[in-house]
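Participant: Chain by chain, the residues:
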Amino acid sequence: MFQNFRLAMTWVHTWFGLVLGFVLMAAFFFGALSVFDREIDRWAVPESRFPAQPIPSFDRMLRPVFADMQPLPAEVDAARSQVRGAMPSHFDLPMRWGAYTTHRDPVLNLFAGYELPNATIPDATVFTSRTMDPRHGTLMSDDQLKIGSEFFYPLHFSLNLGWMDLGYWIVGLAALIMLVALVTGVIMHRKIFREFFTFRPQKRLQRSTLDLHNLTGVVALPFHFFFAFTGLVIFAGIYFPVAHTQLSPLHDLHERLESEETGLPHKRAGVAAPLASVDAMVAEARRRWAGQGMAGEVGFLSVEFPGDANSYVSVYRAGTDRVALVGNGVHFKASTGELLREDPPASAVDGVNEFLTGLHLQHFRHWLLRWFYVLGGLAGCACIATGFIFFVEKRKRQHARDGGQGARVVDALAVTTVTGMLVATLGMLIANRLLPETLPAGWPGRGDAERYVFWAAWALAMLHAFCRTAPVARALPAPAWREQCWAVAGLAVTAVLLNWVTTGDHLLRTVSAGYWPVAGMDLFMLAGAALAALAARRLGPPRRGGSPCLTR
Amino acid sequence: MANISNIHMSTRTQVVLRIAAALLGGYAFTWGFIALGMASLFAAGMPFHDAEHLTGILAFLVFLGVFLWAFAAHSLSRVWLVLAGGGVLMAATASLLQAGMT
Amino acid sequence: MPDALILLVAMLACATGFGWLALAMAGHWRQVVGTSSCPPTVARRLRVLAGAALSLSLALCLMVDHPSMAALVWIMMLTASALSVAFTLTWRPGLLAVLAPPSWRRRGR
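In order, the protein sequence lines correspond to chains U, C and Z.
Residue numbering for the first sequence follows numbering that gives the first Met the number 0, starting at 0 and increasing by one per position.
Residue numbering for the second sequence follows numbering that gives the first Met the number 0, starting at 0 and increasing by one per position.
Residue numbering for the third sequence follows numbering that gives the first Met the number 0, starting at 0 and increasing by one per position.
Check the hints yourself; a few may be wrong.
[What the hints assert, rightly or not] With beta-carbon atoms standing in for the labels, derived distance ranges: (1) U:G350 to Z:L4: 25 to 35 Å; (2) C:S9 to U:S258: 49 to 59 Å; (3) U:W454 to Z:S35: 15 to 25 Å; (4) C:I18 to U:W454: 21 to 31 Å; (5) U:S140 to C:S9: 53 to 63 Å; (6) U:V185 to C:L95: 31 to 41 Å; (7) Z:S54 to U:F225: 19 to 29 Å; (8) U:Q397 to C:I18: 19 to 29 Å; (9) U:L92 to Z:S54: 58 to 68 Å; (10) C:V15 to U:S88: 35 to 45 Å; (11) U:S258 to Z:S83: 33 to 43 Å; (12) C:M100 to U:R193: 48 to 58 Å; (13) C:A91 to U:G84: 46 to 56 Å.
Bear in mind the hints are in silico, worked out from the structure with no lab data behind them.
Quick caveat: nothing in here was measured; it's all calculated off a predicted structure.
By construction, the Cβ of each residue, glycine as well, lies at the ideal position given by its N, Cα and C atoms.
Excised from the complex, chain U in its bound form (with noise of 0.2 Å):
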């Protein structure tokens, strides 16, 4: 198909890169929000605003909420589904108990699933999730999104289209094209050692943005590749689930054997056990840690089967001190509270895949190392859009010649794909701070509402990016580019006033009193006006006289 090889991977490098850039530009942008999603989740909940706490007494705290915990109406009719039958009122068999929480968690998250009779499919289970106030055991309503880590964190990997899992597919072939794009990128760039430090604004639009292009591609190579390999095998099980189709009788097997070996009961026994205390456990398993010269925190703990006899409890540390995951789990018998089971040091393959899988989830304190990982994003970001930019520059001319428009509707796409994602993030996060806490009946919930903002948000930008891209089929600079870079600097404005008026946490008090969470959001957004508005200054009106380059 093609005359040599460097022309091939040219090609795929081109168009795969096109098509599934305007995918990958989501997933780096998100994924960069994301480093600090706890932190966006503390700006758009205001009660959540106090300091990040240690996981509180379970038998004090955790346990009656667990006790009384059932799934929500909309979770219960997610699932009728899967039973066949009356679904029951109440849900008396607790697969699981889960509490899970980081160094950078305010409040506690609380997730309980529950076994569905008559499924039609075995070990159906339907879950639910509360979110706790860990100093005094008062949960917070249900219906305040946190729009860090229940939003944009899922957006990043899954677009937030569940649907069939269709969104993780999609991110999933994005990321496999990244790598593509990553190798056929450098098989392609002849002078990567020569032009490693290479950036001249001053030459045509077309060489200056092929330098960036090169430059946030190359500098950042390591990490854009690793990312974008570690996200494929953290979610290695959506896209190649082998144990549980075509090798599911061996999985079978092997957890016959690890039950016997572990002597972790992997199905329930059916008769009614009581829970000894759980903090009794929770203590040992920190004394075991110290020992080990591992002190920590408990990051995860679970009880499998509460209630039952063969229930065992399960203590993770929080992997704050180094890459791996949580980790070291010390497991106890429930109703006694005798140790089961201490999870042996990992093996080398587990070792390889707890770094590569905690490289990317980061849960551990290194305040330098997230804000690399922003930068790598935004880097990412940044050579995607110029990507683009380079495509469209590369071909105006040609379309405009031959009267094609497939030159400014890539243009389109690239605004809606780059400035019109900003426009969708701010106006979520102005939302946020306008929408009352409970909206009239009738109405969707106040998170629902949020998430549509933010999609007409960025539906309204791409109307406008169509609209006003027509000059691209001129071969001339798009106006649309300059008018979304200003409104991003005034949406994002707006909403840090909207943070000082509705909260009261001005830039003043949240730096003064060192509550970073809120200060760095507002500042990062302050920035972001900043450069927006650089960039639409000098994206200025044509001169006259109609010259097709940018103003410089």
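Guided by the hints, dock chains C and Z onto chain U, whose structure is given.
Facilitator: Relative to chain U, chains C and Z alone:
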């Protein structure tokens, strides 16, 4: 054996078939690699989850490699044969190994 | 805090190393120093120094964190400092003149 490139085919069809080979053929090959990898490592005594994770890590590098090869190779028919055929062969071998163990 | 200071020094070492690596390239030498090209002996020395500076920054990172984290911090630090050097060369190349002392510029002519 007929060589696909000898058959007259529009460029568009060729492009579509290449892309399909890279994506679908690549997926099939990778699936086969994972299945065979997991089954043989487990049969050789490696713990199940270790086998799962190791093949999972290698799989995406394999997919990357065959994806690029699908576009670099001259013969489209060979690409289909190796990727789809190889995938099926590896998967079948994995099932045979599994049958021997369970 | 000493940790923050050590990491700052590590970052400066990285930037210095990349600055030297850039200077060893003819085009960037011209941008910073103004003379036609970097004498080959000086270019060799600059690359050796660059290697030393980057190794020093890795060692400093290892002083601060668990090795698994230090490796990541260092790799990302390379990215951040390479970008800084690139943008300095674009907009303020004169700032890097400090990395090429006059005595080196005359050598090998």
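Participant: What are the numbers of the hints that this structure violates, sorted from low to high?
Facilitator: 3, 10, 11 and 13
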